[in-house]
Each structure stands twice: as C-alpha cells, then as structure tokens.
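Chain by chain, the residues:
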Amino acid sequence: MKPGAMRAEVLLITKEPYYEAQGDEIALFEGAYRNKIPVLLKGPTGCGKTRFMEHMAWRLKRPLVTVSCHDDLTASDLVGRYLITAGDTVWIDGPLTHAVRVGGICYLDEVVEARKDTTVVIHPLADDRRVLPIEKTGEVLSAPPEFALAISYNPGYQSVLKDLKQSTRQRFVGLEFDYPSADLEKRIVDHESGVGDETAARLVRFAAMTRNLKGSGLEEGASTRLLVHAAKLMVSGIGAQAACRGAIAQALTDDPEMLAAINEISASLF
Amino acid sequence: MPDLQPLTASEIEDWLDEELDAALSLRRTSHAAAVSLSSLARDQQEFARHWIAVVAKTNPEFAFHLANRAADGLKRMAQNDAEAWIIQAMDVYDKMGLYPAIAALGAVEAFASARAERARAVTLEEVGPVLELFLQALSGRRLRLENGEPAFTDTTRLFLPASIAWRPTREENLRLYKAVAAHLWAQTWFGTFPGHNPERLVTSCRAFPDPDYARELFHALETIRLDACLARELPGLYRELRALHDRPPAARSWRPWVARLEAADATVDVTYEALTALYGEPIPEPRPYQGTLNGDAVATALAERIEHERTALQDALKKLLAGRMPPPPGQDKRRFAAGKEQSDSSEPTLLLDGQQLAAPPDVRALMKSITQDLGDIPEEYLVPAGDGGYAPASPKKAEDVWKGTYHEEGAFLYNEWDYKRQHYRKEWCVLREIDVHPAEEPFVADTLRKYAGLATRLRKTFEALRGENAVQRRQKHGDEVDFDALIQGFSDLRSGRELPDGLFLRNRRLARNIAVMFMVDMSGSTKGWINDAERESLVLLCEALEILGDRYAIYGFSGITRKRCEIYRVKRFDEPYDKDVRARITGIRPQDYTRMGVAIRHLCGMLKNVEARTKLLVTLSDGKPDDYDGYRGEYGIEDTRQALLEAKRDGIHAFCITIDTDARDYLPHMYGAANYALVDDVRKLPLKISDIYRHLTS
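From first to last, the protein sequence lines stand for chains S and Z.
Sequential numbering from 660 applies to the first sequence in our numbering.
Sequential numbering from -10 applies to the second sequence in our numbering.
Calculated directly from the structure, the hints in this document are not laboratory data.
The C-beta atom is built at its ideal place from N, Cα and C for all residues, glycine as well.
A couple of the hints might just be wrong.
To give an idea of the chain S side of the interface with chain Z (calculated C-beta under 7 Å), a few residues [unchecked claim]:
1) Y741
2) I743
3) P814
4) M868
5) N871
6) D914
7) E916
8) A919
9) I924
10) A926
11) S927
12) L928
13) F929
One side of the interface only, derived from the structure: several residues of chain Z facing chain S at Cβ under 7 Å [what the hints assert, rightly or not]:
14) P118
15) V119
16) L122
17) Q125
18) A126
19) S128
20) L223
21) G225
22) L226
23) D468
24) V470
25) L492
Pulled from the structure, derived: some chain S residues nowhere near chain Z, Cβ distances all over 10 Å [unchecked claim]:
26) L671
27) Y677
28) K891
29) V894
30) D913
All chains should be built: construct the whole structure from the sequences, respecting the hints.
Set out below in structure tokens:
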C-alpha cells in the first residue's frame, strides 16, 4: 500500500471483531478516549493487543490506521513526504497525518522499534496540545476531538537500548495485557477456530507448558495467536501433533533441543 | 595401504626400543609387544605406532602398556573405536594418574562391548537437555536431572541411568528414557510423597514383616495409580507407555483395587489401603519404566525442603513488607493470606490484608513448590520472619578458596587442546573470576594530564566515528527530494531519455553495534614500563569508547598452573565507566603466568552472550603464551590457536595488540595474518592503541 493511498472509509470496521475482555480494558480505553488521553498497550506478542484495537475502533466507530513500526521507520514515514510526479512534486500524507485529518485512531504497533526521531512527532500529539507539526509543509495540524493515538510495546523481550523513555511513556494511559486465563483462552481458541472444547482445553494446557519454559531457552511461551493457528490447522484435518509442531513449536524456536522438548510435550498431550 | 607389507616383529621391536627407551630395562623388553603387533595389518600397525608415539610423549611407561595392549584392542575394535579407547584411557591418566589409566587400558574387552552397545544405547548426555526442558514444561517444581542407577527421584532431583540400552533399537530406548523420566515426574506431581508426612513410605513399609517386599508391592500399586493419572492428563505419553509394555491382565483378587486406584479421585491413601489388603499376594512383573522407590532419600529431601521453604517464604514476605505502609490503625500487624485462583490452575495467589499482591517470580515459585508438597500454604508459613530470624548462608568468595584446602567448588572448568594428541584434555583448567583490587591513586587524572593533547584529538576523531547520520543520495524512496538528481533527471527527460527512479535523499543512521572485550595480559613479565603503558592505554581507550558508545568490558588474565587460572574483572559490559572502574584500572598489577587459551575461552563465553552485530576480542599482550606446567612453546601456541578458532565459530573476531618484537613468528599462526598489530616501543602503546581500535572498527 502506498502511503496516502488508503481511504478512511476502507479502514472503518463495520463488522464486530471478536474480542473477549480480560478485565476492565474496554472501559479504561473508552474513558481515555473521551478525555483525549493517548493509550499505551503493554503485553507479550500474540495476546490480543491488535485485536483489541480493532474492537475499540469498531466500538467507537472510528477508522483505524495501524502502523507496524520497524527499526527503519522514520518521522517522514509517519508524517508524509514529497513525491515526484511528471513535472511536479506532490505532498503525500503519511498514515499518522492521515489519521489526524480524518479523526481516526492511529495505532503504532511496537513503537520502540521505530527510530528515535519519531518521538518528535508523537510528543506534541500525545499531550494536551494535540497538534501535529508538519515541518516540510510548514503546516501545523490540530487534531480533531475524535482523533486518538495508541501505541503498543512488549516489555518482555526488549533490549535496554529499546526501552520506552519516561518522557514518552508518561503521556499515556497504560493498559496491561497478558495471556488470558485458562478458561477464557480456551473459549477464544474454540471461538476462533471451532476446534471444540476438549481440544481447545488441551491446546491451552500445552501453551501453559511452553510458558513454563520461558527464560530457559524460550523468549516467549506460545501465544494465544499460535494456539488459534494450531487449532485452525486441526480443524482443516491436520493431525494434532503435526499441527502443534508446525504452528507452535517451529514458530517458537529454531533450537533443536528446544524443538525436541516441545515436540515431546505435544506428543505427550495429544 | 594394502600393498604395503606388514612390519616384521624385529622391525617393530627396534622402533619400540627407541620410542620406549625410558620404560624398558634388561628384564623388561618390548619383544612381546612387537610380536603381538607384527600380527596386524600394516595400516593397523601404523595406527598403533602413531598412538604409541603420542602416548610416549606423555608417559613412556603408559606407552609401554599401550604397546602391549594395542594388538588386542585393534582386533576387537575398528580404528575409530580403538582411538576412543586410547583417548578415554588418557583422560583417566590426566585425572587420576598412571595406574588407573593402565587399568583402563586393560579393560579393553569391556570397552569394546560397551562401544557395541553404544550403537543402540541412548545416553543421558544426549537426551538430558531435552528431558530437562520437557520436565520443566510439564510443570511443577524444577527437577534437577542427575546421573544415577537405578532410576529414582527424591522429589528434588531425578536420577536417571547414564545410558539406556535395554531395547534393541535406539528409537525404543529413547522412548524408554522419556517414559522413565515422566513416570518419576508423576511421582512428584500426583502426590506419591505428600509433604505432611515425609517418612510415610519408610514407616509404613517397616510396619510389615518384610519391608522390602512391602515397598515393591506399594510401588506396583502406585504405578497403577500413576499410569491412570498420566492416561487422563497426558494421553499421548500414556500411549507410548503402553507401547513399551504388554500388560498381562491383573489377578482376580487385584481387580477391584485396580478399579479404585484408576479412579480419578484416587490419592496415595488408596494405594496404602491396597497395600494392606493385598499384602502377601505375588507382585506382578515391574513395568520397564517405573524406576525404583527410595523412601529414605525422599524423606531426607522432603523434610529438608519443607523446612527450607518455610523459612525462605517467611523471609521473602518480610522483604515484601519492608518499605510498605505500617499496619492500618486498629490492627497490630499486616496479614498475609494465600488464595487459590478460581480457575483450574494450581497457582496460589498472595493476599495482603485481603488485597491481591503481585508477588515477585521467586516468591510465586516458592509458593507453587509448597503447594505441590502440602496441597495448600499453611497459616504459619504466612507469618513474616522476625528480625534476624533467617540468615542465608553467605556465598563463598572466589578469592577465599585458595586459602586452606584446595577445592574446585564454584570454579569454571575448561578443556584444553593438546596438539600432540589432537584432542582436548577434558576439564583441564580450573578458572576463577576475581575483582581487581582497586587502588586509590591519582593515576587516571595523571594520565589524562600527560596525554592532554592526544585526548582532545582522540575525542574529535572518535566523535566523527560515532553513529552519525549519513545522507544517501539518489534513492528510490526517501525523506526528501534530491534536487541535484531531480534537475539532472529533468534534463534527461527533456532530452528524450527516461526519468531516473532515484530522486530522493535518505537519512540513514549508521548505528554502531559493537561489543568489545579487552583481555589484558597481567603476567609477571609486564612488570614496570609495560604495566604502566597498559594502564595508560586502557584509560585513553575508555575515554574514546565512552564517546563512541560501543559496549566494552575489560578483564585481566594470569595464573599459575592449570589448577589456578585467574580472570581479573576490571569492567563488566553492563558496568558504567565510573570511579570504581578507574580505581580498578589503576589497581592492575602484574601477577604470574600467561595461560591464554583458558582466558580466551572464558571471556568468549561471556562475549557470546552479548547481543551485538560485531563482537571483538582484543588481547593486549607482551609475549607468547607461557605457564609453569608445560604450557609453553608449541603446546601453548596451539591451545591458544584452538581457543581462537572456537571463538571464530561463535562469531567473535579476535585481534591481538602486542609489544613482543618476535611476535611475527607466532602471532600470524594464532590470530591470522591480518589480525594483530605490533607496537615496537612500549611507550607508544597508549598513543597507538586508540588508532588501532579506530581502524579495526570503522
């Protein structure tokens, strides 16, 4: 997708995304939204942060602009840049600018991965000024009341170099996400895949076992997302062990010993 | 070489006489050995001669015994197995001396049959790491795997045989290993040994006329119960258990008990009831994966752990309370309580005055372990320890172990390469980490004053190197329009050519991602000028590196003999360059010898765990590897080279800065042709070192 090529209507979510609340995060987010405070989502990968954002965008009926940050993402990538067409230069809005203009929700996923200069454009938007200065056009965009900014980060595996600075984090309302409780996770896996209660429960147990290995060679245990993947494979007729091996074990690690151990666990469980 | 004739006995005898001269006498000749060797094929003879010569360099007496045994060994085993046999005997020699080594050579028949068994055997060494992860994932208290026969668990450790070769194929033996481990885990997880009564098994069995029989009967019954638990919880594993063992139908009198034991709510109490009821009946054949029961070991471990965990939890709670608010008015103390989560997980939660508390991971693990033993957390465990109630044993200090009797506890053991054998000597070097004693002298300030001009220049050059922003021109995508390219592009376009696609400027931050480890020679030969130069160099380097922002660590190395290798901490990777580090740089003093290989292995082990794109090991040295016990000349050089090769495999670049003018003779061999720098005047070292580092990393 070229920057600026997306249209607000397309980003409007019309069908309710399935989401099971873990706690009071929906109320908190709505409260923050009404008070125009930006939101910081913390939590391990695959525990439902992005799905939560989709759900909230649907609830609040605002278009959602999601930007997955990477270590080469610069302020221009967010704000916009000049492009050259035949005989002219044209300013193209970046996703953040676009979200501000249409009064949408801009979600910067894994924000610590982005370059440090991105904080320059996030900060004025994230406090009570709520403005986006566009240096190259000399414009200062004032965000409409419907605009919201949300960022996410995973405190679990970030290196010290990529910690979120206090000056940034203290502008946000923090919502902590974790893997859902066993019952809830079972319901989610079952709902997303239709694999059935019994198998979903076993997958959740399997996930709990891999989470026991966190810190002993695994950076993270199996996320809810991986469980859903495995469950979907099983529904489409792949054997339980093969599904676990492909969707979970191989996704978690490359280490042969760890793979062997995880495969032994799935062989024991199914 | 089939065309070569075997050597004759007399040819061999002449050769042996020369090689084994020191071990021979008038009455002890090499004749018998020569005769036996003459019956071998030529390539086997060459193999034997090679190894006899190698061993003779270590000990001629040992070589004499090898000469007498070699023919027998080679007739029993292929050459690669025979090599393993000799290497194993040499390891014994290294560890225990000549006579046990000769005995090890003598056990050739046992060794040969063990080698044959190994083809189908699975060893704990190979499956251990996987099993350990497997057990940890299964949940419950972490069980340490240890080597021991027969297999049993004391609920803290899990003893497994060093190898299993009970079945004809490797595949089956592998299954068996897993089954044994999982079954022992089941004993700890499904309540075979409840914590309320650690001695229950021992005392219950003793109540019967034949305690041993009673224990075996109990074990058979408990195995039935545990198998049923596994069938419910881990059906896949249960299928594997069944595949390993054809179960004959239970005797008629057993059937009602089997049904009760297999019920979902059966606890170990049912097993004890069944024990009383069925006492006297014949015991069915033990299931191959059930291991053994060791009631005494369990009683000891359990009692010890329960006591330890109670005090540990009380102490942890006291720490949790420290720094918290005093109790609310009307209450004399703050109260802890344990709550069970409503869901099916067995993880207990910690409550303080009715409020849920986020307990730190170690406290949670402790509470889980206590719950695993006792079912819940007793009230008295939740009373925080009083003052001075619990004093954990203070850990031993590394420098203290040399005082008093020598022991290797807590030290690092490293292999060393013996080029003559072309094999490692296993766990040959004993290494410890010690802090450099900080010195309170104004050395750093003096150095900075002395090199004031240089320091400013260094700062400038290094600032220029620092992860600066570079603008890339003519990019397809970028932050800004590249007007030069655009103007040129338009003129191209006007003249009928195509508009080039690279019309943008792109800012790229060239981030430095370097971790560097400085390994400083602290041997006795650095005394005087060299030591001063080294310290001055380090000061200037630190200044430069602080500007660059590269991660760096500084360690010194020295030692005397393989039993006493030492690494001196000056600065760890995660330590800032502060006054302690400066005091330690000041405090670097010449010590003993230069055993480089083990130091490289240790420091590379640390460097390996640092996350960086480029990892660099820079050695500051004044000469060849050299130590008291034969670590010199070729031996030292070859071991160092081997250690550097290992480092290279781990993605570490090694570089050596030396002041030894003879270095050209040996450094290229150790570090590679381009990986060293020679500073011929010691006094220039501080001037040059930063330049060398700059070249190295830009």
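Hint by hint, here is what the structure shows:
Taken as an interface hint, S/Y741 checks out: its beta carbon lies about 5 Å from the nearest beta carbon of chain Z, inside 7 Å. Taking 7 Å as the C-beta cut-off, the interface hint given for S/I743 holds, the closest approach to chain Z being about 5 Å. For S/P814, the interface hint is violated, since its Cβ never comes within 7 Å of a Cβ in chain Z; the closest pair sits about 14 Å apart. About 4 Å separates the beta-carbon of S/M868 from the nearest beta-carbon of chain Z, less than 7 Å, and the hint is met.
Interface hint status for S/N871: upheld, as the beta-carbon distance to the closest one in chain Z is roughly 5 Å, under 7 Å. Against a cut-off of 7 Å between C-beta atoms, the interface hint on S/D914 is violated, since the closest Cβ of chain Z lies about 10 Å away. At a threshold of 7 Å, the smallest CB-CB gap from S/E916 to chain Z is about 5 Å, leaving the interface hint in force. The criterion of a C-beta within 7 Å of any C-beta in chain Z is met by S/A919, whose closest approach is roughly 4 Å, and the hint holds.
Hint status for S/I924 relative to chain Z: holds, with the closest Cβ pair at about 5 Å, below 7 Å. For the restraint placing S/A926 at the interface with chain Z, the shortest Cβ-Cβ distance is roughly 5 Å, inside the 7 Å limit, so the hint holds. Restraint check, S/S927 versus chain Z: the minimum CB separation of about 4 Å is within 7 Å; hint holds. Interface restraint check for S/L928: the shortest CB-CB distance to chain Z comes to about 6 Å, inside 7 Å, so the restraint holds.
Annotation: S/F929 was flagged as interfacial toward chain Z, and the flag holds, the nearest CB pair being 5 Å apart, inside 7 Å. Below 7 Å, beta-carbon pairs count as interface contacts, and Z/P118 has one with chain S at about 5 Å; its hint therefore holds. Annotation: Z/V119 was flagged as interfacial toward chain S, and the flag holds, the nearest CB pair being 4 Å apart, inside 7 Å. Satisfaction of the interface hint for Z/L122 is found here, the shortest Cβ-Cβ separation to chain S being roughly 3 Å, below the 7 Å cut-off.
Nearest Cβ of chain S to the Cβ of Z/Q125: about 6 Å, under the 7 Å cut. The hint holds. Hint status for Z/A126: holds, given a least beta-carbon distance of 4 Å to chain S, under 7 Å. For Z/S128, the interface hint holds, the least distance from its beta-carbon to any beta-carbon of chain S being 6 Å, beneath 7 Å. The criterion of a C-beta within 7 Å of any C-beta in chain S is met by Z/L223, whose closest approach is roughly 4 Å, and the hint holds.
For Z/G225, the interface hint holds, the least distance from its beta-carbon to any beta-carbon of chain S being 5 Å, beneath 7 Å. For Z/L226, the interface hint holds, since its Cβ comes within 7 Å of a Cβ in chain S; the closest pair sits about 4 Å apart. Satisfaction of the interface hint for Z/D468 is found here, the shortest Cβ-Cβ separation to chain S being roughly 4 Å, below the 7 Å cut-off. For Z/V470, the suggested interface contact is upheld, since its CB lies about 5 Å from the closest CB of chain S, less than 7 Å.
Evaluation of the Z/L492 hint against chain S yields a held restraint, the C-beta minimum of about 5 Å falling below 7 Å. With 10 Å as the threshold on Cβ separation, the claim that S/L671 sits away from chain Z holds: the shortest Cβ distance comes to roughly 28 Å. No beta-carbon of chain Z comes within 10 Å of the beta-carbon of S/Y677; the shortest separation is about 21 Å. At the 10 Å boundary, the C-beta of S/K891 stays outside the reach of chain Z, the nearest C-beta of that chain being 21 Å off.
With a least CB separation of 19 Å from chain Z, S/V894 remains clear of the 10 Å interface cut-off, as annotated. No beta-carbon of chain Z is positioned within 10 Å of the beta-carbon of S/D913; the least distance is around 15 Å.
Consistency with the previously given hints fails for numbers 3 and 6, ordered from lowest to highest.
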